[in-house]
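Asker: Protein chains in written order, with the numbering used here: chain Y, -11 to 338; chain D, -11 to 338; chain R, -11 to 338.
Warning: the hint list may mix true and false statements.
Because identical chains share one entry, a pair is satisfied inside a single copy or across any pair of copies.
To be verified - Here are the simulated lysine-lysine pairs, DSBU-like style, with alpha carbons at most 35 Å apart:
hint, residue 1, residue 2
1, Lys251, Lys83
2, Lys218, Lys182
3, Lys(-6), Lys57
4, Lys182, Lys251
5, Lys70, Lys56
6, Lys93, Lys83
7, Lys104, Lys333
8, Lys306, Lys287
9, Lys22, Lys83
10, Lys56, Lys218
11, Lys93, Lys306
12, Lys(-6), Lys306
13, Lys254, Lys275
14, Lys56, Lys23
15, Lys312, Lys288
16, Lys57, Lys23
17, Lys251, Lys306
18, Lys332, Lys312
19, Lys306, Lys50
20, Lys312, Lys104
21, Lys17, Lys33
22, Lys23, Lys33
23, Lys275, Lys182
These aren't lab readings, by the way, just hints derived from the structure by calculation.
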Amino acid sequence: MNFTAKEIALFLNGEIEGDAAVSVNNISKIEQGKKGTLSFLANPKYENYLYSTESSIVLINKNLELQKKVKATLIRVDDAYKAFASLLEMYQQGKQAQDIGVHEKSSIRKNVLLGKDIYIGEYVVIAENSKIGNNTKIHPQVYIGTNVEIGENTIIYQGVKIYDECKIGNNCIIHAGAVIGADGFGFAPAEDGKHKKVPQVGNVVIEDFVEIGANTTIDRATLGSTIIRKGAKLDNLIQIAHNVEVGESCFIAAQTGVSGSTKIGKRVWVGGQVGFAGHIQIADDVKIGAQAGIQGSVKKEGSVIQGSPAIPLANFQKSSIAFKTLPDLRREFYSLKREVEELKKQLKNK
Amino acid sequence: MNFTAKEIALFLNGEIEGDAAVSVNNISKIEQGKKGTLSFLANPKYENYLYSTESSIVLINKNLELQKKVKATLIRVDDAYKAFASLLEMYQQGKQAQDIGVHEKSSIRKNVLLGKDIYIGEYVVIAENSKIGNNTKIHPQVYIGTNVEIGENTIIYQGVKIYDECKIGNNCIIHAGAVIGADGFGFAPAEDGKHKKVPQVGNVVIEDFVEIGANTTIDRATLGSTIIRKGAKLDNLIQIAHNVEVGESCFIAAQTGVSGSTKIGKRVWVGGQVGFAGHIQIADDVKIGAQAGIQGSVKKEGSVIQGSPAIPLANFQKSSIAFKTLPDLRREFYSLKREVEELKKQLKNK
Amino acid sequence: MNFTAKEIALFLNGEIEGDAAVSVNNISKIEQGKKGTLSFLANPKYENYLYSTESSIVLINKNLELQKKVKATLIRVDDAYKAFASLLEMYQQGKQAQDIGVHEKSSIRKNVLLGKDIYIGEYVVIAENSKIGNNTKIHPQVYIGTNVEIGENTIIYQGVKIYDECKIGNNCIIHAGAVIGADGFGFAPAEDGKHKKVPQVGNVVIEDFVEIGANTTIDRATLGSTIIRKGAKLDNLIQIAHNVEVGESCFIAAQTGVSGSTKIGKRVWVGGQVGFAGHIQIADDVKIGAQAGIQGSVKKEGSVIQGSPAIPLANFQKSSIAFKTLPDLRREFYSLKREVEELKKQLKNK
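Assemble the whole structure, with the sequences as input and the hints as a guide.
Answerer: Structural data, given as structure tokens:
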């Protein structure tokens, strides 16, 4: 990219102070600004950097009163942070819009339905009877199984693997290396000590506006569907087992694991490295701290819990503090016990 | 697939009640049945659904006495669950049997030995001197290194990476994104503070009937072999370090990690997110709860343990309950201590 | 490989005892030795194996006095372990040197700069404007985004995905399935309950001599860079969030997760499955035990901590022992409390 202050001010409906012809080809934090980069100042804590930054252009709030001379060209807007975010968004959309067309080094099998304005990169495989919606981008080395449906405006990054029969909604993002629809972990004990695989013939359904992190795995249902409801956001390296349901607008941080058939309500926030037992229910609006172990259902909406096994957050914090001094408590207890023995003797002798 | 009730009854040796000509092309849970799907009823708890389901065909137990009229065509069999499972298995085997041949968009290097009736998908690489057994399926975008041996009837899903020299047995399944044989994490401290890589020149040996989950990583041995014994089942996102041995018929749930040179016995069950220290032994038939931390060897066969560091399960449960009220215990203790001080004074004065 | 004892002794500057013409084509532990393999004996504990091993050649220390007759050809060197390690290194470098050239089944897009003596395997994609340094190896099925720079003597294993704009240094190793530069997990709450994605327009910078394990994920910065400093070693399945900085010569074991904007000092050792909160600082030379949860900054250099929340290691060990008998302590406490009540009564009555 290469934009002048004049072009940016026009896009943002902002006012220029300084050289309108100066141009930028990158962005930076204001404290790390270099010639040719654009920065923003929203937090007054960072105002000092405004007077020393090497950035060529800085977005600032309309009402900011300058204390010193500024080298950069300034663009005054109503809300410098929002203006910056909208620039970034425009920039990213511009980049993605460049990816278009079906690369000749890809393998589109029979009876595949491709929408308009899609992108299919090198070494992608799209298997029989799958459908890809309009404006969806399938980056290189992705595998899409048979009978898969992918909606519109969805981005599937490099190397994602989607097994047969899975459904992905509109406006989703799936990051590199994620695996959607591998077999659930199901085995029936057998008399000879060998375990018999239970066929996993369900699928995975991912609704609209879902984001899935890199190398996350979501297993197909034994029967029926493993479901990620609309607007849920999953971070990297998460494990979602067969027949799980993740509710609308949930946030799940990295390396969390959810065991089979567990149902998580709406707007649940889950920290990193949390583990959920199987076959439990989590109420709406629950918040779960990092590394918690959820062994049973959480029935109260809005609960805030932590620990393994998880207990209310305030309890966990107090108990953790007490845990630190547990050896002292123990020593003092046995000392007190001896004193009480002594008292008993003395009392007897009186 | 499209099967009539007549064809299914014939295969299962069952008896039809209702329209023998009705056909199905999918399966469903009885409570989610739709026209054209087949369901089963095994658990009496769900009998009500039998009278309301929209499924076209339902498998039921021979001896079930109907309480009301049923819309679906029924097929009576000895054991409805087992009959259903055997249908699924037949269906899955039928699907897999369709994948056959070596795709022209693959790269088979020199001196590779390919068995009969194998499948090699698009963008697969099989490096020099490797052998693939009869009836094995290598799905698209898999990498097989040099001198690798893979047995018969094994399925390697999309994008699996198998480094040089590794051996995979017969009847194994390896799910998408798994990495077999990357270097173990070994470095020798050096005087200049920089760490020198210890060459990892061993391999990974996976015996027969093993299943490996999506994005799981199994590192090659420094010297010798990292071994997964026959019939072991590993879930997704598991880390197996160099020189580990996982015993026969072990079950390991997702996101568990096993450190270097640890040896796990036979039929050990391991919950999710468990961590094992290195260079320890776990006896046969041990059961380990989710999120446990195993810091030392577990010598007693059949032990059931949980917690980090792990202790016997019953202890862990009691201690966890006590942990919740630890701040109360602490408060009450110091109150009692003051009372005892008071008693001592009173006694002195008597 | 196939080497005679004479060739090996020449390379190691060692002295041969036995048949100098015997040759080996593999290596093995001395206790697992077979004809045609080379072993070493460094630890006196294993000396017995020297007299029974089937290895064809064994490296031993110069000063070792034999107790019995040995079948293998011996090569005496100053330090048998170091000599063995240098052989392995030579062997591995020899193997890697064989990979050379750009495979015709790869996709090198426009304006890519390729160094000398590089290797690019099958189904690799290198996107626009990227640079690959001299002697770097890019194994099959890797994806390199636009404007990526990779230094010299670096090895990128199969299926690694590197997003746009990331920088990788010299002498690095990145193992199969790692994902470098996926979007950080950043969303802004919105009034309608839907979360708006915060564009992630920074990158990842990996300095020289870094090793990254299989299926590890390192997210790009929101703005600026996520940085892995020189000489840091990361194991498999690790999550590094946006804007994190991992210090020089850190060691991080498998399945650890570091939340956004956290800064880890130099030479920090981190066990497996550790979790770090976001926006904290860890001082230099800190050591952190497996499964720890680091909720706040660790300011003291050289601290050794464990537990979740983490406390000094010695405290954690004592508290964990006390935790085991917590239910007993509790029972005894309430029993003591009743005794004290009784004493109080008795005292009153005297």
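Asker: May I ask which of the numbered hints given earlier this structure violates, with the numbers listed in increasing order?
Answerer: 7, 10, 11, 12, 19, 20
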